[in-house]
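We have chain A; now place chains B, C and D onto it with these hints.
Protein chains: 4
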Amino acid sequence: VSDLFWPGDERAGSLMTQEALLEAMVAVEGRWLTALVSAGVAPPSAQADLTGLVTGADVEAVASGAEGGGNPVIPLLRLLRQRILPASENASRWLHRGLTSQDVVDTALMLCARDVLDRVADELTAQVFVLSDLADAHRDSLRVGRTLTQHAVPITFGLKAGGWLDGVLDAAGAVSSARSGLGVQVGGAAGTLSAATQLARDAGLADPVGAVEGLVVTLASGLGLGARTAWHTSRGPVTRIGDALVSCTDAWGRVTADVATLARPEIGELGEPVTAGRGGSSTMPQKQNPVLSVLVRRAAIAAPGLGSTLHTAAAVAVDERPDGAWHAEWATLRTLSRYTVVAASHTTELLSGLRVDTVRMEARVRAEAGSVLAERSSVSGPDADPDPATYLGTTGPSIDAARTRAAAYLEGRP
Amino acid sequence: VSDLFWPGDERAGSLMTQEALLEAMVAVEGRWLTALVSAGVAPPSAQADLTGLVTGADVEAVASGAEGGGNPVIPLLRLLRQRILPASENASRWLHRGLTSQDVVDTALMLCARDVLDRVADELTAQVFVLSDLADAHRDSLRVGRTLTQHAVPITFGLKAGGWLDGVLDAAGAVSSARSGLGVQVGGAAGTLSAATQLARDAGLADPVGAVEGLVVTLASGLGLGARTAWHTSRGPVTRIGDALVSCTDAWGRVTADVATLARPEIGELGEPVTAGRGGSSTMPQKQNPVLSVLVRRAAIAAPGLGSTLHTAAAVAVDERPDGAWHAEWATLRTLSRYTVVAASHTTELLSGLRVDTVRMEARVRAEAGSVLAERSSVSGPDADPDPATYLGTTGPSIDAARTRAAAYLEGRP
Amino acid sequence: VSDLFWPGDERAGSLMTQEALLEAMVAVEGRWLTALVSAGVAPPSAQADLTGLVTGADVEAVASGAEGGGNPVIPLLRLLRQRILPASENASRWLHRGLTSQDVVDTALMLCARDVLDRVADELTAQVFVLSDLADAHRDSLRVGRTLTQHAVPITFGLKAGGWLDGVLDAAGAVSSARSGLGVQVGGAAGTLSAATQLARDAGLADPVGAVEGLVVTLASGLGLGARTAWHTSRGPVTRIGDALVSCTDAWGRVTADVATLARPEIGELGEPVTAGRGGSSTMPQKQNPVLSVLVRRAAIAAPGLGSTLHTAAAVAVDERPDGAWHAEWATLRTLSRYTVVAASHTTELLSGLRVDTVRMEARVRAEAGSVLAERSSVSGPDADPDPATYLGTTGPSIDAARTRAAAYLEGRP
Amino acid sequence: VSDLFWPGDERAGSLMTQEALLEAMVAVEGRWLTALVSAGVAPPSAQADLTGLVTGADVEAVASGAEGGGNPVIPLLRLLRQRILPASENASRWLHRGLTSQDVVDTALMLCARDVLDRVADELTAQVFVLSDLADAHRDSLRVGRTLTQHAVPITFGLKAGGWLDGVLDAAGAVSSARSGLGVQVGGAAGTLSAATQLARDAGLADPVGAVEGLVVTLASGLGLGARTAWHTSRGPVTRIGDALVSCTDAWGRVTADVATLARPEIGELGEPVTAGRGGSSTMPQKQNPVLSVLVRRAAIAAPGLGSTLHTAAAVAVDERPDGAWHAEWATLRTLSRYTVVAASHTTELLSGLRVDTVRMEARVRAEAGSVLAERSSVSGPDADPDPATYLGTTGPSIDAARTRAAAYLEGRP
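Residue numbers (the working numbering), protein chains in the order written: chain A, 1 to 414; chain B, 415 to 828; chain C, 829 to 1242; chain D, 1243 to 1656.
For the record, the hints were derived by calculation from the structure and aren't laboratory data.
We put the CB at the ideal spot given by N, CA and C, even for glycine.
One should not assume that every hint holds.
Claimed, not checked - Stretch by stretch, here's where chain A covers chain C in the computed footprint (C-beta under 8 angstroms, at least three residues):
| # | stretch |
| --- | --- |
| 1 | 1085-1099 |
| 2 | 1111-1123 |
| 3 | 1229-1241 |
Next up, chain A with everything else stripped away, as it sits in the complex (with noise of 0.2 angstroms):
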């Protein structure tokens, strides 16, 4: 589905949507009630498969009970347990035992946050090949370089390819590292997995506290993320995430900043892929306007201050579970996430597709030669070479630095 007021953001298709945040918790019910009956806590006959209990289509109905409760983990539950109860009564019982409303919330979320990332992580990819290709393609291809909105010196476009690449690599970087730090939350009641530990206990198990350790090993591998201790007010986690997504943006930024100057009809050097009815005004003819770097940079400009709530959120955590700080931020992330993977999608089409117009930039610089020279003179006196092509300095190590950091992440990609 697309919002009104965000358009674009269909391309982040079912991403931290409330269908993908209510599938992942009852992932997360689901594998803690296994692990409970692997570990011999749970009896067998508490096993039972909660895949497709609840669904996306539940949405509504556990939404509209979460308030009471200020999260949607009790109505999840009475919901899942009217479900189970004609299959298992064991199995309503046992049901999240052990776990509290923010263990279930915050693996959800992870494991919500780990298919962003991983979206993002490939149009990253995609990026990044492109960039490289771009940084490659165009490392002749003279062109003004301009400082404070001023023409400074040539430069090729090339080694403004090489530049943004340099930033995308920066923040696939930081996606990368939030990526591996996902871990689950398990702590129960208030991070002592008491509950756990005591049904461990009653079931006469040898270690109990040993055997609950266990169970946290058993789902954090059963749904594929870290096993660490409780971080129900040690929230950085949360903005790892954030940090790295707002890096992400802010990139993407930077390049849509280049490109809406650079696609000015008096500059006119770069333009944004032609596509039936993408541009269009509702009321000028002529107008091709460089809409995807419009789109991209809304994104731009909104996701700092997502990313600062988060961090607010984090700082003024208190106590075993905090009183409101880790309510804001769910809505917050799914905000940010969601802007994020469109810009994603929004600047991989736009680098793919990126028109340049190299002999207007070419024109340009010649043009501009005695201004854009001006500092070659000041160095080498009123004879240096008056040829702009050969005033490029380190333009060509500084693209193949470029693209060798580009060449190992792509390596060290899966």
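For chains B, C and D alone, coordinates are given in the frame of chain A:
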């Protein structure tokens, strides 16, 4: 509908939803068409009633077409034209003439914002009533005043309520000022209304420029908004709304920080209203969580970042219509609006049913009299009156002042 | 003094400096002591003139003692008492009696904020004059209107100036409203003025509570601020100032985004004032950077985050005086204030000397007439008048409206 | 020196001060000049030792000249040249050749940031030691766990300390990663190092491009920073620092939210270290305010907005060097850096002297055993063991895990 990521979202009902925005956009196009006909710019045959032609049910169709032009106006027009067409080719042709997409989206957003501000104002009014009563009822309810978390000097709960009231009245002032500043956006392609003027000229009107100025006034009064010159790149009207909404969540954040603190079991001076199904835990049967406070605090933490995004967007606006900054506003304003309305409703409910344990309040202040009257002893010596009830200074007049302000505010409300 | 990290900082002079804050704190203590004596709460022998007892030269001494109590009042009092003492033991004893440290700091900050707002208002007034003149002088200076970075329809530079004027007037409205809301903070330890009231009672005054209410009024009128009940935890008065300042930097950010864009060599419609030593590069002799715009944009980017911090601080305030939220405000308000004043000054200078290349403006719009009149052709057909100068719609009345608003604003100024 | 607006600022000493920045700029220019000579780009006669030529005493002279070019490099060069001149005309001529002002400021900021990160890392290390010890010493100190402000289940104070430790270690990881990524900025006018390359060519070097690449490596190793290609418009290196610093204040914000809460007189489980002159009130003799927590919370509230400004600046960067976004970074990074260092020091002091009232902790949990063991009863039935000390689940292993992480971190530190 509810939102799994923001429990309680349904309290905002249809306010600032996609459906509301879409219907507001239709209303803008409809009123403009009518204005064109009334003024004689368009022929009588162009008249059409757009009401109901496109409704909330069309959200998906319009939203999914919004990406191409970067906003939802082009797909909306396509749909409206399809549905008008059998009835009136002329209406289809005159639809939207003279407007630009930003005119339609901005004016529609102002209509949605009006409903939001009105609802928030209603909640504020309810809170003013309750707080004014609380301040009066508890003007003598002695309790400990706390500063920097420690016991300071005696106050009364009436003074605390009066302080909350002052904060709520400050917020209400900001809301009322934002509400009165709401105006239509009508500038055409670049703020000159050139197409509309040309149409008026082509229609043979004697004073085409004056006629178009009249169109703006007609549209504004038809929609119940103010008339002002175009503000495509001058976003004070938007940041003023944002600042007012954040001022509300600030005021409620402070109230609920107090409630959450004073509802701690060790303090126990206040309690949230007891409601079936409210405040339960998924694992601990004894728990009664201050869920309303928690949910309001959530909004208070999340709002400032959204307000700052509106300012950033305003600060980087450029040209006659901006290249991304404008697009960042819509969803930000939507999210901020709904957060505020939900928090408004939660706060009203919380205050209306607040449980005040005056016995416990007074017991503590009397038990701690030595400590909380240390200031008095340092002022009047060791023989100072040991009764905390006689060390309340200007508490009474302060309560009266807040209640007088409240009465003046209530009188000014329709 | 200047700031290496914020070039131009010296333009803010002594506004909201440590020296200014310290002297304002002394003024508050001085006026309060006088009020105590005048009202008969303190004996005549307690009267002392604090002026000059502690000055800007004592900043380091006071600041270095501020950490212990978390604010600078205790070390200030220590210093004042030392220096009063030879003259008057009674003055030393009566100093600060009835106040709490937050009263002194908050009221002093309001005094500093007043000077900031007054200076900003003066700059805004200067800008209103200049912009009103620019709008008038260039009402017929034909140029291309640009939207989403692309050429749209013809406008005039007068309309652009009128749009800037509208933005500046919106900001001026916010400043003026914040200015008129400035009030003293006088609440004593926990907002009850209990100590002052006790002192009045001990002095045998007939109506001690009334006498203390009188003290607040005396202090307020002595300092030229409004009187209101204590707002220790109700921070609307602070966020209102912050929002007003950010609204200013928003308005100037938009102006300078335009100037920086239109001063690009490929566009060349505007130029910053040419001043010796301004806009040079450390390496390229030909460069003329739009430094004023650059410096203003810097402030516009930095201000929203500061504004949001003031809101966050307001939102998490708790108890009768908060445990950190209040302390986060001072430096934030200082930084935001100085950024705003410097940007105000830069903008005034920029606008006052703005170079407008009307020849280039008109040449471009005429060269692009086919494109920028495409809308007209779509409205009036292929035979539409090909002169862009006759396709300006309501440009004239819009300029007039902005200038009328300006005149009304200027009339309202002292 | 101290700061009246930010008590405790002196704890950051000279870190990221104007003096430090100025001296770092001199170091950059000095190392570059040496590199030019060593590489044979400049003649031996150009060698000069700039150390001490311009010092902190020149801050005002340099800062006051910074506005004209928009940054402090031009006035710094003027001063350096004046003072070199008698000694060496050639040094004066070769100074800064090949660099642009952004190279100097950015590299100097990285030097200052390195010192900040090192200091923060030292404080984090001290905190890791203290917290590791606290977690161990209190592994059995029974207390009530609190969630959403209410009593939940028993935990130990060791687990609380272990949770703080986990948060501090997360922050330490971010700091360490930002520290290792610090690199020089050397790109010349537009990122091509064209002037340096031309100079190398004019000097007759065989491989001028290779020689200039060597200059960058020499500069980097001379300054103890990494070498990377120019990042004039790719601001990940800056936002990474900002995010790391905010992650620190988040972690400490959470610690001090706990301390401030648990130091409330009604709870009284923790107390700040008692120090003469610390925590006093200007009016209430009995008061002992948790001033360290208050001051740390202040930073935790103020930091996220600054972090978001760095991201916004990164997101709107454009061209080969940006037109305002870059300029917004310096003071923001300075402020954020100093806030963080001061908060680091406050937190270390707080943790090192934290008073833990284990008697009161245990008394409460035993008095409330019925309530805090309600979960256990719901799990094991009414006959469950009534001793809270046996309902601690995985508390022990969680403490061990945090301590093991701590030991690994400490081992990795130099």
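Practice item. State the violated hints by number, sorted upward, taking the hints as numbered earlier in the document. Key: 3
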